[in-house]
Amino acid sequence: MRGPGRGPGTASAIRGAVRAEWGRLLWTVWPALVARRLRAIPLTLAAVCLTLAFHFVQKQSWGYHAVQDIGSVQAYEHLWVALLRTPLSLFVPALDLPVWGALAQILVVFGIAEICLGRWQTLLVAYAATLAGTMYARIGLWIGPDSPIGLPDSDKFVVDTGPSAAVVGLAVVVCWRYRARFTCAAVVVAMVVEVVFIKNNLAGKEHVAAVLVVLALCMAWDRWRPLKPYDAQYTRGRDRPW
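Each residue of the sequence shown is one higher than the one before, starting from 1 at the first, in the numbering used here.
If you're looking for bench data, these hints aren't it; they were derived computationally from the structure.
Small disclaimer: the values here were computed from a predicted structure and weren't measured.
Treat the hints with care, since some could be wrong.
Beta-carbon label-pair distances, calculated as ranges [said to hold, decoys possible]: (1) Ala-53 <-> Trp-142: 30 to 36 Å; (2) Val-18 <-> His-65: 48 to 54 Å; (3) Met-219 <-> Lys-59: 49 to 55 Å; (4) Pro-98 <-> Pro-31: 40 to 46 Å; (5) Val-159 <-> Ala-13: 44 to 50 Å; (6) Pro-148 <-> Ala-13: 47 to 53 Å.
Don't be surprised by glycine CBs; every beta carbon is placed ideally from N, CA and C.
Model the full assembly from the supplied sequences, consistent with the hints where possible.
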């Protein structure tokens with residue numbers, strides 16, 4: 001005998017909610033992976049290999065300073081130095097965090113984004129999100145610690161590397177583009193909760209800055225992009241992954 005709330009109606013409702021939230025996304029990602037496998041995500045694989053190479057090199061006594069010179073960003077440095085290093089700083093994993101976390105983030109989120117957005121848009125969003133964090137660090141130091149959005153002077157010496165801001169930015173853009181509204185909202189709320197209740201530090205605030213920048217880009221995209229035919233087709237229920 002079935003318990004209350006476990007009938008076919010509940011299963012159908014759950015299935016419908018999952019399809020509405022992630023259906024378009026899965027219908028885009030899954031066929032590409034099945035048809036092309038790893039050839040569908042060459043940019044992602046290159047990013048994983050580059051991150052792993054940086055991790056290996058900076059762990060060596062002879063390689064640490066070399067990696068810092070080309071991929072380490074600190075807010076006390078000249079802006080032009082930070083701008084030159086920012087693209088590569090995305091692939092330099094933080095020394096105080098396990099590298100497998102950075103590799104997993106890149107493989108999953110960059111992979112999905114590369115299939116859904118394309119290589120160049122993925123790179124553009126990843127760089128924009130990372131750059132937003134880099135610029136926020138300087139603005140936050142200028143504002144000072146007396147403001148909730150400011151930073152203490154000691155943060156200018158924090159080494160600001162890793163893919164986390166880019167990962168958060170790409171997740172928001174993909175969810176926005178494919179209308180996974182609840183997932184997008186969950187990512188945004190998680191970043192705010194991280195700053196307010198968990199880690200009120202430079203990294204957490206940079207994540208919020210990245211989210212705000214990519215949300216602005218998403219709204220601008222929706223304002224100016226032409227309506228795509230498959231949007232209406234999907235809402236009529238013709239494209240379903242299950």
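Consistency of the hints with the structure:
Checked against the hint of 30 to 36 Å, the pair Ala-53 and Trp-142 passes, with Cβ atoms roughly 35 Å apart. Against the hinted window of 48 to 54 Å, the Cβ-Cβ separation of Val-18 and His-65 comes to about 49 Å, which satisfies the hint. Roughly 41 Å separates the CB atoms of Met-219 and Lys-59, a value that falls outside the hinted 49 to 55 Å. Range check, Pro-98 to Pro-31: about 33 Å between beta-carbon atoms, so the 40 to 46 Å window is missed.
About 48 Å separates the C-beta atoms of Val-159 and Ala-13, a value consistent with the hinted range of 44 to 50 Å. A hinted range of 47 to 53 Å is violated for the C-beta pair Pro-148 and Ala-13, which are about 40 Å apart.
Of the numbered hints stated above, those contradicted by the structure are hints 3, 4, 6, listed in ascending order.
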